[in-house]
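2 protein chains.
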Amino acid sequence: MRAEIISVGTELLLGQIVNIDTQMISEMLSPLGIDMYYHTTVGDNSERLRNVFRQALERSDIVFTTGGLGPTMDDLTKETIAAEMGLKMVLHEDELAHLETLFTRRGSAMPQNNRKQAMFPEGSMVIPNHNGTAPGVIVEHHDKLVIILPGPPRELRPMMEETVLPFLERISGDNQSVIKSKVLKLCGIGESALEEAIQDLIKEQTNPTIAPLAGSEVTLRITAKAPTWADADRMIEKLESKIQDRIGDFIYGCDEETLESVIGEMLLKKGLSLSVAESCTGGLISARLTNVAGSSQYFERGYVCYSNQSKMDLLNVPESVINQYGAVSEETAAFMAKGSARSSNTDIGISVTGIAGPGGGTKEKPVGLVCFGLFAPGFESTDTQQYSGQRTSIRARATQHGLRIIWEYLKSR
Amino acid sequence: MRAEIISVGTELLLGQIVNIDTQMISEMLSPLGIDMYYHTTVGDNSERLRNVFRQALERSDIVFTTGGLGPTMDDLTKETIAAEMGLKMVLHEDELAHLETLFTRRGSAMPQNNRKQAMFPEGSMVIPNHNGTAPGVIVEHHDKLVIILPGPPRELRPMMEETVLPFLERISGDNQSVIKSKVLKLCGIGESALEEAIQDLIKEQTNPTIAPLAGSEVTLRITAKAPTWADADRMIEKLESKIQDRIGDFIYGCDEETLESVIGEMLLKKGLSLSVAESCTGGLISARLTNVAGSSQYFERGYVCYSNQSKMDLLNVPESVINQYGAVSEETAAFMAKGSARSSNTDIGISVTGIAGPGGGTKEKPVGLVCFGLFAPGFESTDTQQYSGQRTSIRARATQHGLRIIWEYLKSR
Numbered sequence: 080m081r082a083e084i085i086s087v088g089t090e091l092l093l094g095q096i097v098n099i100d101t102q103m104i105s106e107m108l109s110p111l112g113i114d115m116y117y118h119t120t121v122g123d124n125s126e127r128l129r130n131v132f133r134q135a136l137e138r139s140d141i142v143f144t145t146g147g148l149g150p151t152m153d154d155l156t157k158e159t160i161a162a163e164m165g166l167k168m169v170l171h172e173d174e175l176a177h178l179e180t181l182f183t184r185r186g187s188a189m190p191q192n193n194r195k196q197a198m199f200p201e202g203s204m205v206i207p208n209h210n211g212t213a214p215g216v217i218v219e220h221h222d223k224l225v226i227i228l229p230g231p232p233r234e235l236r237p238m239m240e241e242t243v244l245p246f247l248e249r250i251s252g253d254n255q256s257v258i259k260s261k262v263l264k265l266c267g268i269g270e271s272a273l274e275e276a277i278q279d280l281i282k283e284q285t286n287p288t289i290a291p292l293a294g295s296e297v298t299l300r301i302t303a304k305a306p307t308w309a310d311a312d313r314m315i316e317k318l319e320s321k322i323q324d325r326i327g328d329f330i331y332g333c334d335e336e337t338l339e340s341v342i343g344e345m346l347l348k349k350g351l352s353l354s355v356a357e358s359c360t361g362g363l364i365s366a367r368l369t370n371v372a373g374s375s376q377y378f379e380r381g382y383v384c385y386s387n388q389s390k391m392d393l394l395n396v397p398e399s400v401i402n403q404y405g406a407v408s409e410e411t412a413a414f415m416a417k418g419s420a421r422s423s424n425t426d427i428g429i430s431v432t433g434i435a436g437p438g439g440g441t442k443e444k445p446v447g448l449v450c451f452g453l454f455a456p457g458f459e460s461t462d463t464q465q466y467s468g469q470r471t472s473i474r475a476r477a478t479q480h481g482l483r484i485i486w487e488y489l490k491s492r
Numbered sequence: 080m081r082a083e084i085i086s087v088g089t090e091l092l093l094g095q096i097v098n099i100d101t102q103m104i105s106e107m108l109s110p111l112g113i114d115m116y117y118h119t120t121v122g123d124n125s126e127r128l129r130n131v132f133r134q135a136l137e138r139s140d141i142v143f144t145t146g147g148l149g150p151t152m153d154d155l156t157k158e159t160i161a162a163e164m165g166l167k168m169v170l171h172e173d174e175l176a177h178l179e180t181l182f183t184r185r186g187s188a189m190p191q192n193n194r195k196q197a198m199f200p201e202g203s204m205v206i207p208n209h210n211g212t213a214p215g216v217i218v219e220h221h222d223k224l225v226i227i228l229p230g231p232p233r234e235l236r237p238m239m240e241e242t243v244l245p246f247l248e249r250i251s252g253d254n255q256s257v258i259k260s261k262v263l264k265l266c267g268i269g270e271s272a273l274e275e276a277i278q279d280l281i282k283e284q285t286n287p288t289i290a291p292l293a294g295s296e297v298t299l300r301i302t303a304k305a306p307t308w309a310d311a312d313r314m315i316e317k318l319e320s321k322i323q324d325r326i327g328d329f330i331y332g333c334d335e336e337t338l339e340s341v342i343g344e345m346l347l348k349k350g351l352s353l354s355v356a357e358s359c360t361g362g363l364i365s366a367r368l369t370n371v372a373g374s375s376q377y378f379e380r381g382y383v384c385y386s387n388q389s390k391m392d393l394l395n396v397p398e399s400v401i402n403q404y405g406a407v408s409e410e411t412a413a414f415m416a417k418g419s420a421r422s423s424n425t426d427i428g429i430s431v432t433g434i435a436g437p438g439g440g441t442k443e444k445p446v447g448l449v450c451f452g453l454f455a456p457g458f459e460s461t462d463t464q465q466y467s468g469q470r471t472s473i474r475a476r477a478t479q480h481g482l483r484i485i486w487e488y489l490k491s492r
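Heads up: the sequence lines are chains W and V, in that order.
All the letters of the first sequence, read from the start, carry residue numbers 80 to 492 under our numbering.
All the letters of the second sequence, read from the start, carry residue numbers 80 to 492 under our numbering.
Treat each hint with caution, since some may be false.
All copies of an identical chain are treated as equivalent in the list; a pair is satisfied when it fits inside any one copy or across any two copies.
Heads up, simulated DMTMM-like pairs for lysine to aspartate or glutamate below, C-alpha to C-alpha not over 25 Å straight-line [unchecked claim]: (1) K223 to E126; (2) K490 to E179; (3) K444 to E90; (4) K259 to D462; (5) K304 to E410; (6) K282 to E201; (7) K349 to E275; (8) K442 to E179; (9) K304 to E158; (10) K261 to E274; (11) K282 to E106.
If you're looking for bench data, these hints aren't it; they were derived computationally from the structure.
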């Protein structure tokens, strides 16, 4: 079945609010095997809404609408849709009574305006709204399904969960397949290098499909359509093992896992503790690591050593090393990592020192140059990266690389 | 002028990500007097994208697209649009050279796939992308304007600000009135308290208008429509002074200013230096402060003291204080702030210690309890806040409050 969503609201077109409803509905439908083809947003304008709705009804089996169910003149979704479908609007006495009770409980009489919230296209099914005054509607008409929902996400979500999803599951009961996705998370490989490595798999595969996802990290989504969940799992597993054979070295986790949560689990399992010494990332590595609940079990402390003095005081970096090689050098990074581990009495110390810009760059050491160090029992390493872009981006990428260095070390032990 | 936005990406239709781009572009266009009529999302499918684009070109003067500019086979926005407009795709040698340089700097050869990111519809203008490998494009053709942008918001936003908005302002120069906005940034006041304080102004005003903006911070946008920029400035100034009279104490800056950039300027002007001691915020305060270019002039160092041991070692918090009052207490926070300033030899020390959850709470000290300390020449203060919500939200709000404490102190000196 093909579905699409029409969001109604001028506030969306003005960019005053982010469209959460559409993401929410789409995410809920995906596991039901209902294919989403379009999202459209239109203002509180009867003619444009009617045109958009007409087109949707032509090309999709299920049309969702969100918004435009309030009591004001601006709110015209139900009326416009009923007109286009050739359905009369009729009063539901039960809903009217319910609305009046709501207002009485709030200690006020129901304004006349709100009466229209109890009017629905004839022959439709009401979707109760326990968190607001606007009920939703399901209209079944000429093999098409129209599901009309209010705009506020905190009203829409329970209405989807309590009424719409069970309804859709019932009617799609003859649909024999489920859809399941697994997202693989990668680090240390670029999007195009990734694609080159598995290009043939992407092309060959139609079920499961493989798709690289854009974002701040490189990720890969495997989606399988199968008669049962167990079948889908097996299909995903089989394809995943092919992918693992090619680029397994770069896959750090899947689905909800983050690089910092995976590092946390590895540290816990190995019983190792960690401290961080950062200069140009200014606390971001510590912040990422401590965003994981329970990180106090392995994260001992972090040093944000912005000044040379602090690198000497806290990490015992010799002044002569800073003078000879500079604060941004693998030599200084090595001392910082060692100093971090030693002074905090942790197993592992990681360090970052670089030039985040826009100022501070020289010909020899341009903006974006970042050095890293790792100190661990019987192991030391340093590394240099050159990033381009703006301060925020350089800091974010250096943070990601710092975490990757920890992950690679833990993986190899 | 009528505009609409087409978002390209199957991940949007599957509900895997929220469509931020569309909100961002819409919000930016609104002050220019460009009317937004439709938002459409379509998957990575050439035929459907082409149909949607054709319709958009018929009914709008300006068509924006976001997404589908990556190096992979899935990315087909430019090619599809060029085909529909009857334009050839041509290689921009400069962009290719630029891309190759980017990869060389990262220490790798450019994969062959990325070559397509340097191909553009003939006669188009390239929009530089300083935060990614996918440049955007402006195509002017038969009285229509097509603006093609990449999907990641952190790439799209600066491209809009640096290139697209100035371009649109130039071409809409024949328009006889200008629209100017000023965004006031507030801290220490809630959204509803703010609205109550200036409710009458919001209602009375039609030009300039006042609108509270949603987001992670409380902000207020003043928008004036006037014959000249100077007139608009005068109108904004007049209204702003009325607002200042009522809630000036909470306004820390405007437009691009951030709490950390304003703090930075105040520290520079007063010649003061700062150090930070954080526990539950795990480095976020240091990260915010050092995100400001030039922060090394006043930010000396930060301590992320997660363990009790680190609080004693680095900040000289007496073990007896931790034992008697607990690590999360105003007493410990006071010692942390003082220890931070003293051991780093800075003028000001700020501290945060709290329970970010979800574990670690008790009846006396529940999750969300956060204590703050400030130590400065001849001045000491402590403070306790109780936040609700999840770990990430508690950490973010504690970070904001910590910065606010520094700002309030600097303002009062």
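Against the structure, the hints come out as follows:
{"no.": "1", "hint": "K223 to E126", "in the structure": "both (21 Å within a copy, 24 Å between copies)"}
{"no.": "2", "hint": "K490 to E179", "in the structure": "neither (49 Å within a copy, 32 Å between copies)"}
{"no.": "3", "hint": "K444 to E90", "in the structure": "neither (42 Å within a copy, 40 Å between copies)"}
{"no.": "4", "hint": "K259 to D462", "in the structure": "neither (39 Å within a copy, 48 Å between copies)"}
{"no.": "5", "hint": "K304 to E410", "in the structure": "neither (53 Å within a copy, 58 Å between copies)"}
{"no.": "6", "hint": "K282 to E201", "in the structure": "neither (48 Å within a copy, 29 Å between copies)"}
{"no.": "7", "hint": "K349 to E275", "in the structure": "neither (35 Å within a copy, 55 Å between copies)"}
{"no.": "8", "hint": "K442 to E179", "in the structure": "between (59 Å within a copy, 20 Å between copies)"}
{"no.": "9", "hint": "K304 to E158", "in the structure": "neither (38 Å within a copy, 30 Å between copies)"}
{"no.": "10", "hint": "K261 to E274", "in the structure": "within (17 Å within a copy, 44 Å between copies)"}
{"no.": "11", "hint": "K282 to E106", "in the structure": "within (21 Å within a copy, 39 Å between copies)"}
Consistency with the previously given hints fails for numbers 2, 3, 4, 5, 6, 7 and 9, ordered from lowest to highest.
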